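Peer 1: So the chains spell out like this:
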Amino acid sequence: MVTIHHFMVLSAVLFFIGVFGVLFRRNLIVIFMSIELMLNAVNLSFVTFARYTQSMDGHVVAFFVMALAAAEAAIGLAILVMIFRNRATVQADDLSLMRD
Amino acid sequence: MELVVFYTLAGFSVVGALLMVTRKSPLAGALALVVSMAALAGLFAMLHAEFVFILQILLYAGAIMVLIIFTIMLLNLSPKELKERPVGKVKGLIIFAATVAGFLGFLRVLLMLPEGVPYVAPTFGNIEEVGALMLSSYMFPFEVISVLLLVAIVGIVVLAKKSI
Amino acid sequence: MTIHLIGLGKAVFIWGLALMCVPILIWFERKGAAFIQDRVGPNRASILGVRLAGFIHNFSDVVKLLTKEMMVPAHANKWYFMLAPFVGITVILFAFAVIPWADNFRFGGWDIPMQVTSLNGGILFILAITSLEVYGVVLAGWSSNNKFSLLGGLRSSAQMVSYEVPLALSLIGVFMVFGTVQLGEIVTGQGNLLFGFLPKWGIFVQPLGFILFLTSVFAETNRNPFDLPEGESEIVAGYHTEYSGIRFALFYVGEYVAIVLGAAMVTTLFFGGWQIPYLPTARLISNAPMVLKVMLIFGAIVSLAAGAALVVYDKRLRGTWPKGDLRNQEGRILATVAFLMFAAHLVAIAYFWSIDMPDWGRATVALLAQIGAFVVKLLFFCWLFIWVRWTLPRFRYDQLMRLGWKTLLPLAFVNILITGLVLLLVDRAGS
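Chains as they are written, first to last, in our numbering: chain A, 12 to 111; chain B, 122 to 285; chain C, 10 to 440.
Hints are computed from structural coordinates only; laboratory data are not their basis. Every value quoted in this text rests on a predicted model; they were computed, and no experiment measured them. Don't be surprised by glycine CBs; every beta carbon is placed ideally from N, CA and C. Treat the hints with care, since some could be wrong.
Covered stretches of chain A (in silico footprint by chain B; criterion: 3 or more residues with CB under 8 Å from a CB of chain B, positions within the stretch not fixed) [unchecked claim]: (1) 18 to 27; (2) 32 to 39; (3) 47 to 57; (4) 78 to 85; (5) 91 to 104.
Simulated pairs of lysine-lysine, PhoX-like, Cα-Cα distance not exceeding 20 Å [as the list claims (entries may be wrong)]: (6) LYS77(C) to LYS282(B); (7) LYS77(C) to LYS145(B); (8) LYS87(C) to LYS77(C).
Have a look at the derived ranges for each label pair, beta carbon to beta carbon [unchecked claim]: (9) ASP407(C) to THR143(B): 39 to 45 Å; (10) ASN113(C) to ILE216(B): 56 to 62 Å; (11) ARG96(A) to GLY226(B): 50 to 56 Å; (12) TRP414(C) to TYR240(B): 20 to 26 Å; (13) PHE217(B) to ALA103(A): 17 to 23 Å; (14) GLU236(B) to ALA83(C): 57 to 63 Å; (15) ARG96(A) to PHE103(C): 36 to 42 Å; (16) LEU188(B) to VAL385(C): 27 to 33 Å; (17) LEU188(B) to THR14(A): 34 to 40 Å; (18) LYS87(C) to LEU203(B): 15 to 21 Å; (19) PHE103(C) to LEU188(B): 20 to 26 Å; (20) GLY213(B) to MET93(A): 53 to 59 Å; (21) ASN113(C) to SER267(B): 37 to 43 Å.
Excised from the complex, chain A in its bound form (with noise of 0.2 Å):
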């Protein structure tokens, strides 16, 4: 039988792998994509709170969180163009103007 627990520490363990994502890759491009991923193992924390608690708010909060991270996808995407554009690289180190 499945329990919560299955589910959170799936959602625990995207999470943290997002994390990952986002500290030790350099590329903007991955950054971004563990961000969503990120996004995506609190939506399942969300809904699996729903389902155990037996209300619909997890669902709605879901889509909600959905429907920001396509706005926000749109955006950071069209920033990251605008930064190749600008300097010819994707990679977070080359973008540092500040003196070392």
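With the hints as your guide, set chains B and C onto chain A.
Peer 2: Okay, now just chains B and C, sitting in the frame of chain A:
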């Protein structure tokens, strides 16, 4: 039987996520993430969240990831541009230890959650119920999100123009 | 266990229907194009002399595509190159899971819905699947190391993504009128009568929605007049330029399956699906012997007429091919088949004339009549796709995008507004 389905879908999600953070080419990572999101959609269906399942495929796997893949193809990075400077060993170890500690702390809190599997009505997760909730208790966030999407669209059009 | 077997049977049936329509569509396309362009069309391939007016060309095409060399271009990304056609064909077949092809099959204690599954999301599932279709195109365009492919792939996927929005918005009017997103219930709702004499079909309650939806479906399937991304003489063959053999066959079949899906959606949402006008299921079941007799007599007349026409055809054909060529015999073979079918119909009429039909017999007759109605409407809309392709010139890319965003989208919003107003007024007048 349910456990088998759960472990298969969870396996696909975790493997997809791991592939995404380890591949050097962002396109391979994006496709792995699509597989991971499709597996997550299956998990939503297992949780009786029928509307969220369809939304996950429609929005995430079908729109957001397509947008990311478009951008990756548009940028068309060569292998030289994809080379990354690795994170320093000491810094890496500290981050790793901190995240593992966080994960273990979370697990400890998790064990306090109750074990049972409560019964849900067959109409749980229906699109009608989500709609009813959204137009009653969540009316304000609903309206705010439409304004937010409008702001996002206008912002992107301005950002992407070559000259305003 | 029985439930699973029934589900499997339904899945096999609807996939068989979708895939069997593909050779018919390819034949329609070639003969239809020839008819519109005032020429004869393919009529040479034959099996043992039988040419079936060019239908055998489908089999020769299959053999040709199977035996062609499947090459992968140099410096192409092999994995994505081989993955793209599979994504294209597999994903589109999943969408047939929610299309209903007949009313519930009721007899004894059984009540089997004639849909593979009745998902709560209904049409949203089909919309989700069409949004996954973009991956096949994008991967194919990017992985062939070819500028035409890349350009065609990017254009095609941008077009598909842009037209998903008016596609979804034009359906909102339908949801508002019928009050549900589930396809089975929408088709059942179309059985009622509007104003007492018109069947409440989608096209009568949502004419603007129908036009918007039809246009968006043409654009989604990359079909003329929106086929710039894959039109020959413009961009070679767009995203499937570098594909040959089986992989090209999969793309080709995938395109036709998408046409069948589009036609199925149009008939289900706007033309009553499996509903026969003025003949709801209850009346079909109670009049089942009469319905069966009518169908059999109609079939007998059609096969007699076909037999007579084939006899005339045989007289004209004999001797036009060189001596010993089996194609001389075609008229005789087909005429024999037609007369045999006529005889079979007569036997069936004699058998069923005075038989007392059991419950399951009546339910089966109603089922077959409704499946027949669905297939006829489906084939009519597939023919409409082909007709429009060979009639209209294609849009330029910027005209295409402008149409999608600046014309169809505002019209879809206007449609929602008008539908909402009308529903409000009707409700207020009713209550």
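Peer 1: For the range 17 to 23 Å, tell me whether the beta carbons of PHE217(B) and ALA103(A) fit it or not.
Peer 2: holds, 19 Å
Peer 1: Go ahead and decide if the range 36 to 42 Å is satisfied by the Cβ distance of ARG96(A) to PHE103(C).
Peer 2: Check passed, 39 Å falls within 36 to 42 Å.
Peer 1: Below or equal to 20 Å on CA atoms is what counts here, so check LYS87(C) against LYS77(C).
Peer 2: Distance ~19 Å between LYS87(C) and LYS77(C) Cα, so the pair holds.
Peer 1: Can the suggested window of 53 to 59 Å be confirmed for the beta-carbon pair GLY213(B) and MET93(A)?
Peer 2: violated, 30 Å
Peer 1: I want to verify a distance hint. Is the separation of the beta carbons of ASP407(C) and THR143(B) within 39 to 45 Å?
Peer 2: The hint (39 to 45 Å, Cβ to Cβ) holds, given that ASP407(C) and THR143(B) are roughly 41 Å apart.
Peer 1: Confirm or reject the coverage of the region 78 to 85 of chain A by chain B under the rule of 3 or more residues with a beta carbon closer than 8 Å to the chain's beta carbons.
Peer 2: holds (count 8)
Peer 1: Please check whether LYS87(C) and LEU203(B) have a Cβ separation lying inside 15 to 21 Å.
Peer 2: The hinted range 15 to 21 Å holds for LYS87(C) and LEU203(B), with Cβ atoms some 19 Å apart.
Peer 1: Please test the hint of 50 to 56 Å on the beta carbon pair from ARG96(A) and GLY226(B).
Peer 2: violated, 43 Å
Peer 1: Count residues of the region 91 to 104 of chain A with a Cβ under 8 Å from any Cβ of chain B, then say if the count reaches three.
Peer 2: holds (count 8)
Peer 1: Take the C-beta atom of TRP414(C) and the C-beta atom of TYR240(B), compute their distance, and say whether it sits inside 20 to 26 Å.
Peer 2: About 47 Å separates the Cβ atoms of TRP414(C) and TYR240(B), which means 20 to 26 Å is violated.
Peer 1: Given the hinted pair LYS77(C) and LYS145(B), is their alpha-carbon gap at most 20 Å?
Peer 2: Roughly 36 Å between the alpha carbons, so the hint for LYS77(C) and LYS145(B) is violated.
Peer 1: Is the distance from the Cβ of LEU188(B) to the Cβ of THR14(A) consistent with 34 to 40 Å?
Peer 2: holds, 36 Å
Checked against the numbered hints given earlier, the structure breaks hints 6, 7, 11, 12, 16, 20 and satisfies all the rest.
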